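J.: Residues per chain, in single letters:
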Amino acid sequence: MAEANDLLSIQLSVNGHLHQVAIDPATTLQSCLHHQAGFKEVRYGCGEGVCGACTVLLDGEPRASCLLLAVQAEGSRIVTSSGLEDEIDCASALRAQLLARQAFQCGYCACGVLVSATHHLATNPSEQAAAALSGNLCRCTGYAQIIESIQATAHSALPPGDSPPRWDLQEKLSGLANYPTDAHQKSPLVGRILWSELPSARITDIDTSAAKTVPGVAAVLTWRDIPKRNNTGAAVFSADQPLLATDSVKTMADAVALVAATTTAAADEALSKIKVTYQVLTPVTDVFDSVKDGTTKISSRGNVVAQFIEVRGDVDAAFKAADVIVEGDYSTSSNDHGGIELEGGTGWLEGDTIVLAIPHQTPDTGQRSVARLLGMSSNRVRIVSPRIGGSFGKYAVASIEGYLGLLVHHTGRAVRLVLSREEMLQRRTKRHPSYGHYRLALTRDGQFLGLETEVLTDAGPYVWLTPAVTAVIPAEAAGAYEIPNVRARARGVLTNNLITAPMRGYGSQQIGYGIEAIVERAAHELQMDPGELRRKNLKTHRTDGKGLAIDGAELALAQTIDVVQTRLGPRPNIRPGRIFGRGLATIHAKYGYPYGLGDRFAIKIRVDDAGHFSVESDIGDSGTAVPNEMVQLLARTLDLPQLPVYRQSQAAIDDPSGNDFSRGQALTWLQRNAYRFIEWLQTFSARQMLHITANIKLTTMMKVTKLISRPVNLLTATINKLKFALFPFGRDSFQPRFGSSRAVSMCALAVLDAVERLKKSARNTGGQLLGAEPGELLVDGHGVTHQGDPTRSATWAQLAAAAGGRLSAMGEGHNPDGQLFDPATGNQRGAIDFMDATHGCDLEINPETGEVRILNYVACHDVGYAFNREAVRGQILGGTMMGIGQALYENVRSIEGEVVNVGFHDYLVPTALEMPGNISVEILESGSGIGPNGSKGIGESAAVAAPVAIANALYDALGVQPARTPTTPEDIVEMLTH
Amino acid sequence: MEYLRASGIDEAAAAVAAGAKPLAGGTVLVPNLAANGGRGQMLVDIGRLKELARIWSDDTALYLGATSSLARIAVDAAIRSNFQALAEAAAAVGNPQVRRAATIGGNVALGSATADLVPALLVLDAQVICHEKLAKQEKPLAGFDATGRLITSLRLPLIQKRRSAFHKFAWRGASGITIVNVAIAVCLNESVISQARVVAGGLTQPPQRLPDAEATLNGREITPDVVTKTAAAAAAEAKCELNGPPGEHYRRRILEYGTREILRRLMEE
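Sequence order for the protein chains is A and B. Heads up, the final residue of the first sequence is numbered 978 in this note's numbering, and it's a clean run with no missing numbers. Heads up, the final residue of the second sequence is numbered 269 in this note's numbering, and it's a clean run with no missing numbers.
Quick caveat, the hints were computed from the structure, so don't treat them as lab data. A portion of the hints provided could be inaccurate.
As the list claims (entries may be wrong) - Which bits of chain A does chain B cover? Going by a derived footprint, with three or more residues having C-beta under 8 angstroms, they are:
#1 22-28
#2 273-280
#3 757-771
#4 911-920
Stated by the list, open to error - Listed below are several chain B residues computed to face chain A (Cβ distance under 10 angstroms; list not exhaustive):
#5 LEU23
#6 ALA24
#7 GLY37
#8 GLN97
#9 ASP145
#10 ALA146
#11 ARG260
#12 GLU261
What the hints assert, rightly or not - One-sided and incomplete, this derived list gives chain B residues near chain A with beta-carbon spacing under 7 angstroms:
#13 TYR3
#14 VAL30
#15 PRO31
#16 LEU33
#17 ASN95
#18 VAL98
#19 ILE129
#20 HIS131
#21 ARG172
#22 GLY173
#23 ALA174
#24 SER175
#25 PRO246
All of these numbers come straight from a predicted model, not from anything done at the bench. Using N, Cα and C, we set each Cβ at its ideal position, and we do this for glycine too.
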């Protein structure tokens with residue numbers, strides 16, 4: 001039966017008002033409230049009562065509204081987060097605390113958390129807040145600032161006043177924020193994807209005839225229905241996955257067909273009636289098998305898709321001269337990004353333009369890839385990427401734009417395609433698992449002499465962004481240390497496992513784990529204090545585009561170790577029957593693009609004739625504070641009386657070169673294509689280079705890198721010069737923009753640049769207006785004033801009016817000059833800036849069960865300069881919690897290429913109960929960063945440091961080193977037994 | 001999908017006899033419905049039947065209405081003082097939102113290997129009171145099949161000088177899937193155990209009684225030696241049909257640990 005159930009008319013009491021709705025009786029209360037009654041704050045995350053995003057008060061008690069049918073709630077009093085103030089006295093005080101402490105980031109979970117937290121405060125504030133919140137998952141914040149807010153409200157404490165509040169949080173907490181999976185159109189068709197049944201098979205037939213006859217079905221699509229280019233992936237580098245499988249499937253993440261229908265039931269029935277005939281092939285699921293000679297080639301060009309090396313000094317001599325050599329194998333697991341919002345959105349037609357409301361970090365590349373898929377001009381595709389309920393790198397590559405675009409194109413109707421949590425876990429991108437071997441040579445007194453590492457990353461069957469992730473590994477092989485002799489190699493390898501995407505701290509995360517594990521091992525073998533060993537070998541300066549230390553850019557790595565060790569103090573007494581462990585990890589992890597790649601961010605400041613300021617760019621909001629930082633920096637710099645508004649500009653998204661955006665006029669055909677040619681040339685040459693070098697021997701590779709470094713440097717420099725000359729303002733279309741840690745530095749630089757230009761045009765306009773020389777005018781938050789005669793002044797509104805209704809200025813932040821490769825060695829010059837931190841962890845283990853409790857956790861970060869301390873803390877706390885998840889809980893488990901996790905009940909994102917007993921964040925401000933005031937990116941660093949800090953504490957406790965993440969209680973018992 | 005809001009127990013029981021599923025907390029039923037649109041299903045909503053949500057007692061027993069929520073069972077004073085294992089089991093399920101929704105009847109009807117309340121109810125000799133069509137019946141929980149029957153309440157005999165406790169092991173503090181759980185009840189005559197019940201969940205479906213472990217307890221005082229021997233007996237005799245990960249070896253170890261922890265607690269009381 002594909003027919004929908006008969007509709008029931010019910011009355012719900014929500015926030016004191018009665019709502020009459022007609023619903024299918026199988027509708028959950030969450031769905032009814034969110035989609036039909038318009039209470040957007042009641043959000044969906046898991047559908048199984050684990051995440052709590054849908055929490056409402058039902059007759060005064062927090063309940064998961066996804067576990068209730070709407071009809072069950074008839075006659076009950078429902079209160080959503082937006083009705084709390086009328087219901088519970090402490091609600092507004094708590095809300096104020098949460099805002100002041102910036103307790104949320106992406107905000108998707110916020111309204112559900114607010115319900116649980118308010119109820120907790122009103123009923124039993126003396127009990128542990130963590131337990132009361134344990135039915136609400138938050139992936140961004142690590143819960144600490146939420147719990148601090150609850151405690152502060154309970155004690156009527158004043159909120160901290162030292163951090164400028166985030167304007168976006170008000171909207172997120174009110175439930176007004178718009179996320180991709182919200183309803184954007186009335187009664188859209190339901191889109192579904194038929195996924196591959198096998199990790200590796202030939203397809204001999206796809207029969208959709210029966211599916212097409214199901215009543216209510218609007219489209220059943222296969223690869224034959226794709227008008228132009230059948231591909232998806234990392235549009236910025238390698239979109240090498242067919243959007244819909246043609247004659248084979250290489251992963252369970254391959255899609256075979258798409259369905260759109262009027263109801264979910266009809267769509268499901270149609271899916272079940274598509275007959276796909278497979279011829280089973282043996283999957284390659286192990287990276288070590290994959291690189292063996294004679295293994296099935298997953299791609300015609302071989303299974304190794306990228307090889308990067310870093311070779312300096314004489315490693316063999318260093319190992320001969322060493323007093324001590326330590327060696328270890330460490331691997332990092334497959335992880336899900338775990339954002340609470342599901343991957344999905346709605347697409348519709350506006351005239352002949354396809355509009356897609358989906359999560360995307362690089363909407364401009366998404367637009368172009370849909371256009372290529374459909375064989376249409378890219379100005380006929382719009383991606384509106386409102387707030388995203390958690391990204392963490394996932395949407396730096398393709399999301400569902402191709403699937404949704406194709407369905408909208410064929411049906412001509414609005415289509416809503418939202419993947420289930422099970423689909424997200426089993427079919428979508430994961431962090432690159434890595435498998436590394438590490439050897440470290442030292443003198444007896446702990447001087448590092450040499451390092452040798454060999455790492456494989458598991459890409460899945462398609463390249464996507466694997467080279468970018470893998471390239472970081474050898475470049476950062478030495479971690480935070482000066483090691484004179486290094487031989488490091490990393491290879492990206494194809495398997496029939498899931499597809500991969502960058503995830504928080506990509507590359508740095510994988511190599512950071514290995515290097516900090518081997519360093520800890522060295523300390524253990526030398527019986528030396530781990531902090532002491534690290535201090536002896538630390539890097540001291542940030543380096544410039546030629547690899548030289550920059551004066552005044554002293555790193556604070558040693559201080560981070562000192563602070564953490566001081567804060568941890570002497571080893572504590574431990575309960576009888578428990579084993580104590582303490583671990584450290586010091587990281588120096590890239591953020592930003594490497595030297596030599598023209599990474600540019602552009603923003604625009606606009607003043608209207610009412611004197612209101614706005615900031616525009618293509619940057620959206622996935623929970624990072626970047627848009628917020630931009631408006632606040634502008635307000636501070638000009639001393640504005642009112643906070644500017646931020647707008648994600650469609651013009652900025654549409655035109656990757658930024659020219660249209662800056663001049664307000666369309667690019668010529670020639671300009672547009674010249675820009676695309678340059679981009680194509682960059683990617684094409686990089687891809688060719690990877691193909692050539694992927695499978696050569698290390699010794700040959702060394703010669704090749706030396707040989708090519710000069711010409712490649714020359715090529716990249718020429719391309720950059722050309723781009724900068726042809727397109728004076730621009731944003732490279734190479735990179736994810738808003739999720740990345742560098743966005744805040746780059747955007748801040750762009751704001752400062754724009755402010756200077758704005759001041760100039762204000763002086764010019766003001767000069768004409770006041771009959772003065774521009775140089776005689778002072779600019780401030782009110783407008784311009786004559787320096788000799790303060791009575792001669794013009795407000796911003798007057799200036800804008802005089803300039804024709806608006807005054808605007810564009811600004812740009814870009815990479816400093818530098819070379820991509822060191823011509824002397826052929827090594828990568830590396831990133832423009834690094835995040836420096838030390839994490840320390842005290843934990844106890846129950847040897848009977850292997851259970852771990854983190855007692856005390858200290859994270860000390862050199863952030864360069866903190867513009868907003870609470871925002872910085874939030875990033876560090878959230879990254880740490882994600883690291884705790886990776887170290888101890890989270891594991892995407894596959895059996896022969898098939899993922900077995902089905903939901904948030906068995907993919908263990910940490911709850912508030914997994915928080916360390918005590919967690920403190922220490923912020924250092926060395927001023928050594930590349931951003932304004934020497935600030936640095938921060939978002940990814942804690943997620944790099946935390947997993948290995950915990951692994952090192954386990955090592956200290958057990959005397960055996962964890963070889964892979966996560967270390968489960970079962971592993972611990974095993975380690976204790978052997 | 002057909003939805004019927006029952007106006008009384010008889011109506012609900014008749015619907016269940018006709019193939020409808022009773023709907024109350026919905027923690028398992030609703031996610032399944034949402035996944036398949038409820039095609040071809042009949043649901044009878046028993047959530048409004050006040051008589052099913054009562055908790056009451058007489059001289060001989062405690063009665064728990066089938067739709068009593070786990071959140072309420074976890075904090076109910078009478079349950080916490082006389083049926084500790086049940087209160088502890090209820091507190092160990094899911095997370096606060098789930099415990100407010102989930103009902104004891106649902107937990108029993110599920111019959112899942114990891115249903116946390118079942119081992120506790122088994123050691124407390126729970127009887128299921130149910131309606132089969134219009135006939136009221138009382139059946140022992142062990143071997144109970146909920147198909148076609150509407151559970152209306154559970155009867156827990158009140159036994160003087162009985163102590164019980166429950167231990168659940170999962171890898172996350174909330175919303176954790178039970179790896180192993182174990183419930184123990186001992187009736188004491190002076191300080192000597194006259195009757196012991198040991199039931200383990202998470203290893204088999206349904207949870208299993210462990211007679212060897214019970215035998216090591218019966219007729220003895222709880223001494224450290226008895227604790228060790230009982231735990232070892234439990235780990236040795238348990239059937240382990242649900243495996244990996246974690247593997248059987250680990251699950252047995254946890255069963256042994258859990259048994260020991262419970263007995264230590266009982267010994268200290």
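J.: All hints are to be evaluated individually against the structure, with a verdict given for each.
T.: Hint by hint, here is what the structure shows:
A stretch counts as covered by a chain when three or more of its residues have a beta carbon under 8 angstroms from one of that chain; for the segment 22-28 of chain A and chain B the count is 4, and the coverage holds. Coverage of a stretch by a chain is defined here by at least three residues with a beta carbon nearer than 8 angstroms to that chain's beta carbons; for the segment 273-280 of chain A and chain B the count is 0, and the condition is violated. With 0 residues having a beta carbon nearer than 8 angstroms to a beta carbon of chain B, the segment 757-771 of chain A misses the requirement of three or more and the stated coverage is violated. Residues of the segment 911-920 of chain A with a Cβ under 8 angstroms from some Cβ of chain B number 4, which satisfies the need for three, so the listed coverage holds.
Taking 10 angstroms as the C-beta cut-off, the interface hint given for LEU23/B holds, the closest approach to chain A being about 7 angstroms. At about 9 angstroms, the closest approach between the beta carbon of ALA24/B and any beta carbon in chain A falls short of 10 angstroms, and the interface hint on this residue holds. Because the closest C-beta pair between GLY37/B and chain A is about 4 angstroms apart, less than 10 angstroms, the hint holds. Given hint, GLN97/B at the interface with chain A, holds; its Cβ is 4 angstroms from that chain's nearest Cβ, closer than 10 angstroms.
For ASP145/B, the suggested interface contact is broken, since its CB lies about 25 angstroms from the closest CB of chain A, more than 10 angstroms. A distance limit of 10 angstroms between C-beta atoms decides the matter here; for ALA146/B the minimum to chain A is near 20 angstroms, and the interface restraint is violated. Hint status for ARG260/B: holds, given a least beta-carbon distance of 8 angstroms to chain A, under 10 angstroms. Annotation: interface hint on GLU261/B holds; nearest CB of chain A at approximately 9 angstroms, less than 10 angstroms.
Given hint, TYR3/B at the interface with chain A, holds; its Cβ is 4 angstroms from that chain's nearest Cβ, closer than 7 angstroms. Interface hint status for VAL30/B: upheld, as the beta-carbon distance to the closest one in chain A is roughly 5 angstroms, under 7 angstroms. About 5 angstroms separates the beta-carbon of PRO31/B from the nearest beta-carbon of chain A, less than 7 angstroms, and the hint is met. Against a cut-off of 7 angstroms between C-beta atoms, the interface hint on LEU33/B holds, since the closest Cβ of chain A lies about 5 angstroms away.
A distance limit of 7 angstroms between C-beta atoms decides the matter here; for ASN95/B the minimum to chain A is near 3 angstroms, and the interface restraint holds. A least Cβ separation of about 5 angstroms between VAL98/B and chain A falls short of the 7 angstroms threshold, and the interface hint therefore holds. Annotation: ILE129/B was flagged as interfacial toward chain A, and the flag is violated, the nearest CB pair being 24 angstroms apart, outside 7 angstroms. Given the 7 angstroms rule on beta carbons, the hint for HIS131/B is violated: about 21 angstroms separates it from the nearest Cβ of chain A.
Taking 7 angstroms as the C-beta cut-off, the interface hint given for ARG172/B holds, the closest approach to chain A being about 5 angstroms. The beta carbon of GLY173/B is positioned within 7 angstroms of a beta carbon in chain A (closest approach about 3 angstroms), and the interface hint is therefore held. With 7 angstroms as the threshold, the beta carbon of ALA174/B comes within range of chain A, its nearest partner Cβ sitting at about 3 angstroms, so the hint holds. Because the closest C-beta pair between SER175/B and chain A is about 5 angstroms apart, less than 7 angstroms, the hint holds.
Interface restraint check: PRO246/B against chain A, minimum CB-CB distance 4 angstroms, threshold 7 angstroms, status holds.
In terms of the numbered hints stated before, the structure departs from hints 2, 3, 9, 10, 19 and 20, listed from lowest to highest.
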